[in-house]
Amino acid sequence: MNIFQKLIAFFIGVIGLMSFSLQATEMRVFENKFGKVEVPVKPQCIVSLHDFSLTIQLFELGVRPCGSVARKKLWSDPSFRGVQHRFNTEGLVYVGSHKSPDEEVISMLEPDLIVGLYYQEKLKNKLSLIAPTVILPTKSKSIKEWASQLADLVGQSARFKDQQEEYNWIIGEFKRLVPEPEKITVTTLEIYEDNFQLIGRGGLDEVISDMGLSRPTGYLDAKKGVNYSLERISDMDADIIIDTYEPLLNTREDTKAFRRSVQWKNLFAVQNNQFLYFNRSRYGDSMGGLIGSAYLLLSHITEREFKTKK
Amino acid sequence: MNMLPAHFLRIKPFPRVVLHARSSDIAWLICFTILLLSVLLWGATTGSYQISLFKSWHIIFTPESEPDKLVRVIWEFRLPRLFAAALCGAALAIAGVILQSITRNALASPGLIGVEAGASATMLIFMVIIPEVIPALWLPVCAMLGGFFVAVCIWALSSRAGYSPIRLVLIGVGITSMLSAFSEMLITYGDIELVESALMWLGGSLHQVSWLQVEAMMIWFVVSGTLAWLCFRQLNLLVLGDKVAFSRGVDNRKVIPFLLLLSVVLTSSSVATAGTLTFVGLIAPHIARRFCSDRHGALIPLSALIGACLVVLGDTLGRTVFSPLQLPAGLVLVLVGAPYFIILMSRLRKT
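Just so you know, the protein sequences line up as chains A and B, in that order.
Number 1240 in this note's numbering belongs to position 156 of the first sequence; there are no gaps in the numbering.
Number 31 in this note's numbering belongs to position 26 of the second sequence; there are no gaps in the numbering.
The following block holds chain B by itself, in its conformation from the complex (with noise of 0.2 Å):
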């Protein structure tokens, strides 16, 4: 029988299947989850117009009994965008983590290895160069295909003469210089009205987001973040190195394009329901760390749970603070955030 220290939870979840976890972890998912309750609390009751607590409480479990126009206001328009934001935070926070364990790159991060330049950079040809060509439902699957290509390119690029975590950061650096700068061109001299729209879901919008999109994602992920979470053994691992984790039974030539096809998955869906949300994936598992060290077992759930308290406090704020001018989510999440992660990194203590 293992004898676990006193900090750790034995959890059966399912027959046979038993997880060991700590206390403290435990204790901060827990709260962390409380949180991301309120905020979606708090903006299913802020808005344009504003709802009290007790009415949106009725209007999301009894909406037979309210106003039409109210429940519109909650259901369809409130309640898409807050669980859009939520799910678009936490699949990029959760693509933020497998980027940095398997690059071992503080600074890795969706937003900086090319896979959501490549996304952005497909969007923007098929919204300002070609922009009757695909029907706008099937543009996140553009987006998508777009995160593919590049994450392909860059994997093979870097894996040419066998793998190495810097060789795919600096390659990825690279291309997403490359593809900014395609971005920025077409931004320049694309039709005016067309680019203004794009510059709006550029920034990270939420705007436009419909229950279908919310399904969509939430297929992705749920599928993308199981798998994550199930490889956090292996991401355990692969953060002390290649060699270690090769002794200890992964192979990362086998891991580490499964683990970046699941981040790409995870970005490209998001860039396609919400735009450039590009600091979530970088500050919000920084910020988990914070709590529950390298340990990926709980450090997934907890970015993920950061993620999407980012994201819904930054759509939130953004559509209210000057309402009824809509701020992107992007731009307020940068806006708030960057202090914040300023002040953290620079509370850090050398290691």
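Looking at chain A on its own, in the form it has when it is part of the complex (with noise of 0.2 Å):
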């Protein structure tokens, strides 16, 4: 080897040197309820444990992950519940069910953070393997606060802070159209073909909380959950009363017949058109959950001749 074939082996290695520190990735702590995890500041590739709240909520903050759990039947194609209407997921790799994503495929992707759901907890250790794993208090936070959480992790707060600003507005021009929020009372359910139970999706829920609107005394004595019968949907009769239908599962056929009961008939918030019956997948538990419910309901009550029972 000659002089200049050792000066070019030389030049490359520096280059070669200098690109390998360029390229180490910056870490910091984050730390949230669930344990302190060493994460990268500005993660490249992050796989989400969770299609409608955290998969959605990266896709919002301007994120795309590279890999995300999805619905999916024996023979069809993955489904990433939420996200897929109101996103490009052109590149996202399904890598299995919520319950049991697949480490091999998360592996191959080589991923530099992993979210997921408190219920997810018990993967961590595993997780941990592939990446730095960061499981999100979804059930003890708002959607409000783990989102922040979420934001903060990939170095999005800024995005987030618009999100809640645009929130905020909502919820503010809400109380100041309706100035006594806590008469209107709301029911929020889903109807199935023997039974239902009270649940509301998308942050539903959260909204009608934030907006300071209240719930029949039916509602307030039951149980989350539960799945009850028919015959006490009389109980959760409400100003209004919310329901869902989930495309995907023809739920809007399937509960038809009861719709046309006399019983459903009798409903007050029926009587008086205010019942609401929105797509289950069309927002999820995001802050964009939040947003489009707040705005539905500002909406609906606001904006539209409205009745109260009282």
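If you are wondering where the hints come from, they were derived from the structure by calculation, not from laboratory data.
Since this is a predicted model, take the numbers as computed values, not measurements.
From the three backbone atoms N, C-alpha and C, an ideal C-beta is built for every residue, glycine too.
Incorrect hints may appear among the rest.
Said to hold, decoys possible - Covered stretches of chain A (chain B as the covering partner; in silico rule of three or more C-beta atoms under 8 Å from a C-beta of chain B):
| # | stretch |
| --- | --- |
| 1 | 1169-1180 |
| 2 | 1185-1197 |
| 3 | 1200-1214 |
| 4 | 1299-1313 |
To be verified - Part of the chain A face toward chain B, derived, beta carbon under 10 Å:
| # | residue |
| --- | --- |
| 5 | 1147 |
| 6 | 1156 |
| 7 | 1159 |
| 8 | 1162 |
| 9 | 1223 |
| 10 | 1281 |
| 11 | 1282 |
What the hints assert, rightly or not - A few chain B positions that, by computed beta-carbon distances, are all more than 10 Å from chain A:
| # | residue |
| --- | --- |
| 12 | 40 |
| 13 | 59 |
| 14 | 71 |
| 15 | 78 |
| 16 | 109 |
| 17 | 136 |
| 18 | 146 |
| 19 | 183 |
| 20 | 194 |
| 21 | 204 |
| 22 | 241 |
| 23 | 262 |
Assemble the dimeric complex from its two separately framed chains, guided by the hints.
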């Protein structure tokens, strides 16, 4: 090897070392109730362990995750619930179900951050072998609170503040137009073929609480997550009843018969055309979901004729 | 000097320990050991990320020279699952042999006499009703305690007026029904997200298994499995009836509670590791009997090998067929194993 070749080899080596040091990931410590995790300051490939909340929120923050769990039936294509009708999911890799994400697929993506929900804490140790894994307190904290943590985690706090600004404006506008919101009662439920549950998806329950709307006594006395007989529907009657349908599951058709029944038609909300029937997957549990649900309620309560029982 | 028939082998594993085994039993044990090793090797090379046999071999034996990513896939994700599957399958199969022999009932299995239901119901309580009370690491211990509690209840109730195998089975069936109804109630009325995780586990999933659980399972299996095998003579006599066994020095009042305890340990540790894999404890002993009849010296290890093969097969199929969607091993096992079991049983000669 002559001197010229040695010099070239030396410069290549120096450039290689410089590029390596430039690429070395800058790390910081992220802490929440699930513990401290050393995470990259600017994560490049994030895997989300829940499509209907985390994946949506990441897209809303302008971050494209490299992998996400999705809903899938055996012979169908995966569906990123609440995501694919709002964002371009091309290149988003399906990594299995939220109950049992496939570690091998996640590992092959070589992510530098994995984010999951509270009930995925038991997966944390194993997934931490692949990349720093952060569990967000999605059950104990409001959407606003955990979304703020997620924004901080992925370095998008400015975008989150914009979302928060918009949401706060809607709530403020609602309270300006409805000075006594506590006089309006709202029931959020999901009606199935032979029973119903009290659920408000897409952040609806959080919006109702933030707007200061109240709940009927029957709703307050009942438990969430319990399947009630349809005979008890009259206990849940309110000024507004909000049900949701799932386009993927044909729930509109399945519950049509019940909505034709006298029992249903006798409800105050139904008689006064104040029964709202929303698409269950339109808004996820995200800041965008809160904003969307808040606009819907603002519009239905303040921008049209509205009656209350009292 | 004892004269043995020509087809018997005389094995001397330790000084002063001599075993007499049929050459056919030894041959079948070797066959199924090779089969288990083949299934394990296939499982190690199969997954969402295809790794060739040659490459897998290298990763297993010289991991330091292979990329971290591949080493992680094999060593952290596949191998713990495979070992846990094999150990759980073997444990449940031995528990099945013990229960079928002490009850002298071909239908007896860990799933039928309530031990599995007890462990499952306990896990569900801690997963669905009070999810944050016990750290996830301690959940298997709770499952074992639940299994033990149910076993003690069954034994106490079935032996109050003198032990009777049929009473033990019937009380087990009753307790299983009661606990199944309780589990159903938890599933129906529990928090949907917690229930979904619990359902995955209930289906017999090895998705969350780590080396730590494999080590724990290994200890339970080696201790209980060895003790169970050492009782093969007592089991051989118990299937002939209590009186025959008693006349040959086997006191069922002492032996049966001990054997029941072993089956509870094997079942509960398996349920705690992999959830409910009900079918293995029933099917593996029946398949093994086709090869070695009721000779428990061979039946116990052969059932263990068959049970291990079945669960490894079920888990590998479950994580690869619709990958990255993961089907619980227990579910695949029933889907694949049930038709085979039905054919097998329909071909059995009338006895």
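Going down the list of hints, with the structure as the test:
no.	hint	verdict
1	1169-1180	holds (count 3)
2	1185-1197	holds (count 8)
3	1200-1214	holds (count 9)
4	1299-1313	holds (count 3)
5	1147	violated, 22 Å
6	1156	holds, 5 Å
7	1159	holds, 8 Å
8	1162	holds, 8 Å
9	1223	holds, 8 Å
10	1281	holds, 9 Å
11	1282	violated, 12 Å
12	40	holds, 25 Å
13	59	holds, 19 Å
14	71	holds, 14 Å
15	78	violated, 5 Å
16	109	holds, 40 Å
17	136	violated, 8 Å
18	146	holds, 15 Å
19	183	holds, 22 Å
20	194	violated, 5 Å
21	204	violated, 8 Å
22	241	holds, 42 Å
23	262	holds, 35 Å
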